[in-house]
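Turn these sequences into a full structure, and let the hints guide you.
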Amino acid sequence: MRGAAAAAKAVDAAPALLSVEGLSVAFDGEHGPVRVVDDVSFTVAPGETVAIVGESGSGKSVTSLSLMRLVDYAGGRIVGGRIRFKGRDGRERDLATPPAESLTDMRGNDIAMVFQEPMTSLNPVFTIGDQIAEAVMLHQGLDRKAARDEALRMLEKVRIPEPARLLDRHPHQLSGGMRQRVMIAMALSCRPSLLIADEPTTALDVTIQAQILRLIRLLQDEMGMGVIFITHDMGVVAEVADRVVVMWRGRKVEEGTVERIFQAPQHPYTKALLSAVPKLGALRGQDLPVRFPLLVVDDAKAEAAPPAPPPVQDTVRAADAPLLEVRDLTTRFDVRKGIFGSLKARVHAVEKVSFAVRPGETLALVGESGCGKSTTGRTIMGLQSATSGTIRFDGVDTATLDSNGQAKLKEKIQYIFQDPFASLNPRMTVGFSVAEPMLVHDYVPTSKPGLSRRRAVEERVAELLTQVGLKPEHARRYPHEFSGGQRQRICIARALACDPKLIIADEAVAALDVSIQAQIVNLLMELQAKRGLSYLFISHDMAVVERVSHRVAVMYLGQIVELGPRRAVFENPQHPYTRRLMAAVPIADPSRRTRDLRLLTGEIPSPIRSIGDEPAVQPLVPVGEDHFVARHAVGGDF
Amino acid sequence: MLKYLVGRIAGILPVLLVISVFVFGFVHLLPGDPARLVAGPDATQRDVELVRQDLGLDQPLWVQYGRFLGNAVQGEFGRSMKSKRPVSQEIGERFMPTLYLTVVAMVWATLAGLLIGVASATRRGRWQDHVGMVVAVSGIAFPSFWLGLLMIDLFSVKLGWLPTSGYGTWQHYVMPSLTLGLGVAAVMARFTRSAFIEIAREDYVRTARAKGVPARLVVWKHTLRNALIPIITMVGLQFGFLLGGSIVVETVFSWPGLGRLLVDSVNYRDYTVIQAEILLFSLEFIIINLLVDVLYALANPEIRYS
Chain W
1 MRGAAAAAKA
11 VDAAPALLSV
21 EGLSVAFDGE
31 HGPVRVVDDV
41 SFTVAPGETV
51 AIVGESGSGK
61 SVTSLSLMRL
71 VDYAGGRIVG
81 GRIRFKGRDG
91 RERDLATPPA
101 ESLTDMRGND
111 IAMVFQEPMT
121 SLNPVFTIGD
131 QIAEAVMLHQ
141 GLDRKAARDE
151 ALRMLEKVRI
161 PEPARLLDRH
171 PHQLSGGMRQ
181 RVMIAMALSC
191 RPSLLIADEP
201 TTALDVTIQA
211 QILRLIRLLQ
221 DEMGMGVIFI
231 THDMGVVAEV
241 ADRVVVMWRG
251 RKVEEGTVER
261 IFQAPQHPYT
271 KALLSAVPKL
281 GALRGQDLPV
291 RFPLLVVDDA
301 KAEAAPPAPP
311 PVQDTVRAAD
321 APLLEVRDLT
331 TRFDVRKGIF
341 GSLKARVHAV
351 EKVSFAVRPG
361 ETLALVGESG
371 CGKSTTGRTI
381 MGLQSATSGT
391 IRFDGVDTAT
401 LDSNGQAKLK
411 EKIQYIFQDP
421 FASLNPRMTV
431 GFSVAEPMLV
441 HDYVPTSKPG
451 LSRRRAVEER
461 VAELLTQVGL
471 KPEHARRYPH
481 EFSGGQRQRI
491 CIARALACDP
501 KLIIADEAVA
511 ALDVSIQAQI
521 VNLLMELQAK
531 RGLSYLFISH
541 DMAVVERVSH
551 RVAVMYLGQI
561 VELGPRRAVF
571 ENPQHPYTRR
581 LMAAVPIADP
591 SRRTRDLRLL
601 TGEIPSPIRS
611 IGDEPAVQPL
621 VPVGEDHFVA
631 RHAVGGDF
Chain E
1 MLKYLVGRIA
11 GILPVLLVIS
21 VFVFGFVHLL
31 PGDPARLVAG
41 PDATQRDVEL
51 VRQDLGLDQP
61 LWVQYGRFLG
71 NAVQGEFGRS
81 MKSKRPVSQE
91 IGERFMPTLY
101 LTVVAMVWAT
111 LAGLLIGVAS
121 ATRRGRWQDH
131 VGMVVAVSGI
141 AFPSFWLGLL
151 MIDLFSVKLG
161 WLPTSGYGTW
171 QHYVMPSLTL
181 GLGVAAVMAR
191 FTRSAFIEIA
201 REDYVRTARA
211 KGVPARLVVW
221 KHTLRNALIP
231 IITMVGLQFG
241 FLLGGSIVVE
251 TVFSWPGLGR
261 LLVDSVNYRD
271 YTVIQAEILL
281 FSLEFIIINL
291 LVDVLYALAN
301 PEIRYS
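Residue numbers (the UniProt record's numbering), protein chains in the order written: chain W, 1 to 638; chain E, 1 to 306.
Hints may contain errors.
DSS-like cross-link-like pairs, simulated, lysine-lysine; straight-line CA separation at most 27 Å [claimed, not checked]:
#1 W/LYS344 with E/LYS3
#2 W/LYS501 with W/LYS410
#3 E/LYS3 with W/LYS337
#4 E/LYS221 with W/LYS145
#5 W/LYS501 with W/LYS530
#6 W/LYS410 with W/LYS530
#7 W/LYS501 with W/LYS408
#8 W/LYS530 with W/LYS408
#9 W/LYS530 with W/LYS412
Ranges between beta-carbon positions, derived for each pair [stated by the list, open to error]:
#10 E/SER254 with W/LYS145: 55 to 63 Å
#11 E/THR233 with W/LEU218: 43 to 51 Å
#12 E/ARG124 with W/GLY469: 36 to 44 Å
Computed list of chain W residues with no C-beta within reach of chain E, every gap over 12 Å [stated by the list, open to error]:
#13 ARG93
#14 THR390
#15 MET428
#16 GLU458
Hints are computed from structural coordinates only; laboratory data are not their basis. C-beta: ideal position from N, C-alpha, C; glycine also.
This is how it looks when you write it as C-alpha cells:
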C-alpha cells in the first residue's frame, strides 16, 4: 500500500473508510464564536495513511479531535459538515450530528487515538495493565482476567521487553518512548479500523521516534487499518504518508499524494513550508553553513515572494585565540535517598568534555535527552557548578575570577532557553525584560553624548528590538501579546543587550514551528555575521545543526564521542552513535523513504551509576583534519 | 508500602519527643513557683515544701522530665487542680464525645462536599454550578452559633423533634453535627470543584474519553481518583481542627466535649489539664498526618514507590 500508484489505487478503488465533508468547527471566543476549522474535506481508505500537515493554529489538531467528537469536551462544537464513517458492520454513520456522549461505543473500538504527550496521556494512578484492559473490557465484554491476557498480548505486539512485568507498573516508572508504546497498545487493543495519531513522536528523541514510526507502520500493515497522522514535521510526513492534506489557518489549502506534494507543491503556503523544512544532507558538499532560502507567505495574499540566494556564513576568525576553551569538564549530581540522605548513586551528566569555540564560530552540541548537552551549557554559564575541569573564557580561567569578574562573565556569555513562553516574565513589559540585563550589570550603552542613562537604555532597547525584527513600540507591550516566534526574538534581544561575545542557545528553536524556526535560525546567523558572535548551539535536531554550525560535537551519555567540522561529521561520520543518530532522522523526501521495516528497539541508557562505578572515558583521537572521534563502543551497541 | 509505613512511623518518635519537652517546659516557664501554685495561696511555707517534695519538684530537671515522660507514656498526668480528679479521667470522659461528633460531622461533610463539588465542576458555568457555589459560600459565611440557635428554635422548641442539648442518643447528634460540618462541607465543595476542574483538563482524561470510557466512569474513576490526592490533605487538616473540640458548637448544644474542657481549664489556670490537652492535640495532629500520608500513598503510586 505504499507509493504513488498504491495510494492512487486506494483512493479510486477502495471505498472510503472515513469521509469528511465540509467540516467546520467553532470555539467560543471573547467576541463570539471563532471558526478554527473551516470547510475541510478529505477521505481515508482502509489501509491508507493520510498525513494532515500544518503549523500551530492551522486547525489540524482540532480536526483530529473532531473526528471522534472529543472536541466537544474541549469547548468546541461542529458547526457544519459531515463525518461519514463506515463501521465494522458495514453501516455508514455520520459522526458529526449525534450527541458526543452517544459515541462512546465507537471511540476506542472503531476509531482510536494516540496523542502527542506520552508523559501526561496515561493516568498516573492506574497500572499499565488496567489501563489497556479497560478498553478491552468496555468494548469486547471480556472479564478482567481475559482482558488482562489481551493487554499482555498487546504489549508483546508493540515489542515491549518483559511485558508481563510491565502490566503491574505505573506510568511514572516508564520512559517516554515506552509510554508511547503503551499508548499505541491501548489504542490498538480493540483492533480499530482507523487510528488517529496526533503528533505521536514530537515529544520523543529521534532514535525513539524512528522506532515508534516503524512500529505504527508495521502494525498498520498487520491489521490493515487506516491511519490519520497529524504532524508538523515534513520529515515524518515523507516517511509515513500515502497522501497529504496541508492545512493553513483552519482551511485545507492543498491535498495530494506524498510524492506530488513534495515534488510539485501548488499552494504558496505549501511551497513556503517546504522551503523552511531543514533537510538533513541539504548542505552536502559545502564547507560553511548557509542560511535557509526562505519563502515568505504574505499574510494577506498568501503569495510567496521569490527567495534571494542565501549568503554563506564565513564568520570564523580561525587565527584568533579561542573565545571559550573547555577542558576535561565533569559535572555530576549526587542522588541521595533515605531519612539521612545517604549518597546512593551519581548522575554522570558530563564526563571529561573538552572543546573550544573560536570567535565568530558556531559549535553545535548535539545529542538526545540525558546526554548532558544542556548541563554542559549550564555549567559554562555558571548556573551549575562543575565537579572538575577548567573553563577558560577569553583566555581567563573562570574559576579564578572574583565575584566581580563572575558578574562580568555573565554579561559576556548569554543564554537563550528553549521555551520562549516560560522564559519571559509575564508581568513585566517586553522593554523591561530586554533592559533588565543592562540594569543588573550596570551596563552603559554607547550612545550620543548628553543623553541620560535612562534615555540611553531606552534607545538601546528600541535598537535591539529593531535588530531582531520587531518594532521599538513593542517595548511597552507584555509577553502574552506576542506569538512564540516573536517571544523568541525578544529573548534574543535580551541576550544581545549587554553586547555579549558568546551566546549559548539551548534548544532555542526546538519549540517553534518550522517556518518560524527557519526565520529564527536565519536571524541568529545574520546577527553572527554582523556582530561576530560565537554560538554554542545546543540541539537534538541534526538537520538544524547542519544548517547553522561550523563545527559539531556529538554527545552521548555525558561524553563527546565525535567532534569535527560540520561537513566532515555529516558526510563522513566516524562514531557508530553519530551514524545511528543520523540514520534515525526522518528525511523530508518521500523518494528516500527507508523501506526497512526491521524494528529498532533499545532505550537511551541512563547516566545514573552507582558509587565507585566510574564510566570509562576514552580520549578523542584524530581521524581527519580537525576531526576527532572516541574509539570505544559507547553508544555503538545496536 | 510496608517500608514506607515503617519509615513514616519511625519519623514520628523524634517529633513526639520534641513536643514532650515543650509541654514539660510549659509549667516551668510559667511565672511563679509551681509548687506554690499547686499548694494554693493560703498554704504555709511548710505546705509548699511538702508539695514540692510530693511532686518531685526538688529533683534535678532531667529527673523530673524522665518521670514526666514515663508517666505520660502511661497516660498519667497528675490531678486536675480544679476538680482534684486524675487528668486522664477528666480528658478521657470528654474525648470520646468530641471524637464521635467530629467523625459524624466529617463523614457527612466530606461526602456532601465531594458530591456538590463534583456536581458543580461537571456542570461548570451552568445553573447547578452557580447554586452549588452559592450554597458553599453561604456555608462558609454563616456563623455556626447562629445556625445552631436557629435549629434549636425550629426543631426542638417549635416542632419538638429533637432534644435541645445534651449527649446520648442518635437524636442528640443531628443538630450539633450539622452545625459543625456545615463549614467543612462548604470548604470541601469549593476545594473539590477546583481540584476536579484542574484534573479534568489533564491529557489522560482525554485519553480515557478517546478509548470510549463512558462519562460516568470518566468522572468518578479517572478524574476523581486523581483529584482525591489534594482533597485527602484537606480532609486531614479539617479533621484535626475539629478534633480539638468546637467551643461554639459544644457550648450551644451543651455537648460534654474537649472544647468546653479547654475553655474551663484555661479560665481556672488548671495547668495539669492544659498540659495534657496540648499533648493530646499534638498527638491527634501527628496521627492524622500519618493517616493522610498513608492515604496519599494509596492514592498516588508515585509516592508509594519513591
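Against the structure, the hints come out as follows:
no.	hint	verdict
1	W/LYS344 with E/LYS3	holds, 17 Å
2	W/LYS501 with W/LYS410	holds, 10 Å
3	E/LYS3 with W/LYS337	holds, 14 Å
4	E/LYS221 with W/LYS145	holds, 20 Å
5	W/LYS501 with W/LYS530	holds, 12 Å
6	W/LYS410 with W/LYS530	holds, 22 Å
7	W/LYS501 with W/LYS408	holds, 12 Å
8	W/LYS530 with W/LYS408	holds, 23 Å
9	W/LYS530 with W/LYS412	holds, 17 Å
10	E/SER254 with W/LYS145: 55 to 63 Å	holds, 58 Å
11	E/THR233 with W/LEU218: 43 to 51 Å	holds, 46 Å
12	E/ARG124 with W/GLY469: 36 to 44 Å	holds, 41 Å
13	ARG93	holds, 15 Å
14	THR390	holds, 36 Å
15	MET428	holds, 26 Å
16	GLU458	holds, 41 Å
The structure fails none of the hints (numbered hints given earlier).
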